[in-house]
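Visitor: If you're matching them up, the sequences are chains A and B in order.
Position 126 of the first sequence, counted from 1, bears residue number 126 in my numbering, the numbering being contiguous throughout.
Position 67 of the second sequence, counted from 1, bears residue number 67 in my numbering, the numbering being contiguous throughout.
Derived by calculation from the structure, the hints in this document are not laboratory data.
From a predicted model like this one, the values you see are computed outputs, not experimental measurements.
A few of these clues could be false.
Under the rule of at most 20 angstroms between Cα atoms (straight-line distance), these lysine to aspartate or glutamate pairs were calculated in the EDC-like manner [unchecked claim]:
hint, chain 1, residue 1, chain 2, residue 2
1, A, LYS24, B, GLU93
2, A, LYS24, B, ASP95
3, B, LYS103, B, GLU93
4, B, LYS103, A, GLU216
5, A, LYS24, A, ASP75
6, A, LYS24, B, ASP97
Example chain B residues on the side facing chain A (calculated, C-beta under 7 angstroms, incomplete) [what the hints assert, rightly or not]:
hint, residue
7, LEU21
8, GLY25
9, ILE28
10, VAL35
11, MET37
12, VAL46
13, ALA49
14, SER55
15, VAL77
16, LEU83
17, VAL87
All C-beta atoms, glycine included, are put in the ideal place defined by N, C-alpha and C.
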Amino acid sequence: MNVLLAVILILAAISALGVVFSSKTIYSALSLVLTVALLAAVFLVLNAQFLFVVQLIVYAGAVMVLFVFIIALLDPTAEDRPRLFDPRLILGVLAVAGLCTAVFIAARNDVTYDTACTTQAVTCMHGYTVGSLTATGDLSADPFHTFGFPENAVDRAGNVQTLANQIFHTYVLPFEITSLLLLVAAVGAVYLTRRVAVGPRRDPQAEERWRDELVEGGE
Amino acid sequence: MTLSQSMFPWILLTAAFLFTLGALGVLIRRNPLVVFMCIELMLNAVNLALVGYSSYLNSEEGQVFAFMVIVVAAAEVVVGLGLLTRVFSIGRELDVDDLDEMKQ
Numbered sequence: 001m002n003v004l005l006a007v008i009l010i011l012a013a014i015s016a017l018g019v020v021f022s023s024k025t026i027y028s029a030l031s032l033v034l035t036v037a038l039l040a041a042v043f044l045v046l047n048a049q050f051l052f053v054v055q056l057i058v059y060a061g062a063v064m065v066l067f068v069f070i071i072a073l074l075d076p077t078a079e080d081r082p083r084l085f086d087p088r089l090i091l092g093v094l095a096v097a098g099l100c101t102a103v104f105i106a107a108r109n110d111v112t113y114d115t116a117c118t119t120q121a122v123t124c125m126h127g128y129t130v131g132s133l134t135a136t137g138d139l140s141a142d143p144f145h146t147f148g149f150p151e152n153a154v155d156r157a158g159n160v161q162t163l164a165n166q167i168f169h170t171y172v173l174p175f176e177i178t179s180l181l182l183l184v185a186a187v188g189a190v191y192l193t194r195r196v197a198v199g200p201r202r203d204p205q206a207e208e209r210w211r212d213e214l215v216e217g218g219e
Numbered sequence: 001m002t003l004s005q006s007m008f009p010w011i012l013l014t015a016a017f018l019f020t021l022g023a024l025g026v027l028i029r030r031n032p033l034v035v036f037m038c039i040e041l042m043l044n045a046v047n048l049a050l051v052g053y054s055s056y057l058n059s060e061e062g063q064v065f066a067f068m069v070i071v072v073a074a075a076e077v078v079v080g081l082g083l084l085t086r087v088f089s090i091g092r093e094l095d096v097d098d099l100d101e102m103k104q
């Protein structure tokens, strides 16, 4: 299973390279579909069945279909080569390399993982050190640490049931705020595409007037 | 013992790599559609790290947060692509170097 996971991770990294360095937009989109599907497979291996299904339906299904649809609508033949040998590219690569190095240094210096946990997962599941704060032993007695289900309990209840328990009890307020966010996004999308659909496109003069208005507004 | 717990560092490494690639793509690509895809890549990398930690710590909380991230990403894509169709419909070229009125 570890070999399978390693292969999936390597393939995901390669297809992610395809997202960034493809010359055509549609190839980027298809690479992203592959990356998303491979990450869904990783979720399945990591015992997150619910997220596996959500990832496939929402990302590989809805979001990527929307992307491909918009690409086909706007610029099916557009070529966009990455800006190689551009001074800004060098600046960007330096910034990204710095960011990545900072993450790795922080990970190496501040967080050390107790290797004993690989054999005694349930009994010392909190045996990790963050900075100077050492957290070993039983944190589940602390009411602020609600994580740390014993694994067999998760297996007995099932991933969807335990996740539903978390979402609808502990995190019910963020969940409701999420529904508000979706409502705002839906209203915003309808507003943004409204005039395009019904108005100016059918009437060239009105479109001209509207464009002038927008340009004046923009300046 | 959780499945694949010894693979945890590699999962984190892959997540960092995907996030870095996404950030690089946002910086070097000009097509706003590709920029959006790179943002999706970064969000997916964060999801991978969250689920990896969730599996490593035998906790379900990381998966709850990953779920929220997926919802936010879907909302972001809807609004972003709506903006792009509007930009396209007024006859502007889709190029993030051209669309810089808000800098002025």
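Visitor: Work down the list of hints and note, for each, if the structure agrees.
Guide: Status of each hint after checking the structure:
For the suggested pair LYS24 (chain A) and GLU93 (chain B), the alpha carbons sit about 16 angstroms apart, so the restraint of at most 20 angstroms is met. Between LYS24 (chain A) and ASP95 (chain B) the alpha-carbon distance is near 14 angstroms, which keeps this suggested pair within the 20 angstroms criterion. Distance restraint check for LYS103 (chain B) and GLU93 (chain B): the Cα-Cα separation of roughly 17 angstroms lies within the 20 angstroms cut-off, and the hinted pair is therefore satisfied. With a C-alpha separation of about 16 angstroms, the suggested pairing of LYS103 (chain B) with GLU216 (chain A) holds against the 20 angstroms cut-off.
Using a Cα cut-off of 20 angstroms, the hinted pair LYS24 (chain A) and ASP75 (chain A) holds, with the two alpha carbons roughly 10 angstroms apart. This hinted pair checks out: LYS24 (chain A) and ASP97 (chain B) have alpha carbons roughly 18 angstroms apart, not beyond 20 angstroms. For LEU21 (chain B), the suggested interface contact is upheld, since its CB lies about 5 angstroms from the closest CB of chain A, less than 7 angstroms. The interface hint given for GLY25 (chain B) is met, as the beta carbon of that residue sits about 4 angstroms from the closest beta carbon of chain A, less than 7 angstroms.
For ILE28 (chain B), the interface hint holds, the least distance from its beta-carbon to any beta-carbon of chain A being 5 angstroms, beneath 7 angstroms. Given the 7 angstroms rule on beta carbons, the hint for VAL35 (chain B) is violated: about 10 angstroms separates it from the nearest Cβ of chain A. Among the interface hints, the one on MET37 (chain B) holds; its C-beta lies about 5 angstroms from the nearest C-beta in chain A, closer than the 7 angstroms criterion. Interface hint at VAL46 (chain B): violated, since its Cβ lies 11 angstroms from the closest Cβ of chain A, which is beyond the 7 angstroms cut-off.
For ALA49 (chain B), the suggested interface contact is broken, since its CB lies about 10 angstroms from the closest CB of chain A, more than 7 angstroms. Interface hint at SER55 (chain B): satisfied, since its Cβ lies 4 angstroms from the closest Cβ of chain A, which is below the 7 angstroms cut-off. Because the beta carbon of VAL77 (chain B) sits about 5 angstroms from the nearest beta carbon in chain A, less than 7 angstroms, this interface hint is met. Below 7 angstroms, beta-carbon pairs count as interface contacts, and LEU83 (chain B) has one with chain A at about 6 angstroms; its hint therefore holds.
Taken as an interface hint, VAL87 (chain B) does not check out: its beta carbon lies about 9 angstroms from the nearest beta carbon of chain A, beyond 7 angstroms.
Checked against the numbered hints given earlier, the structure breaks hints 10, 12, 13, 17 and satisfies all the rest.
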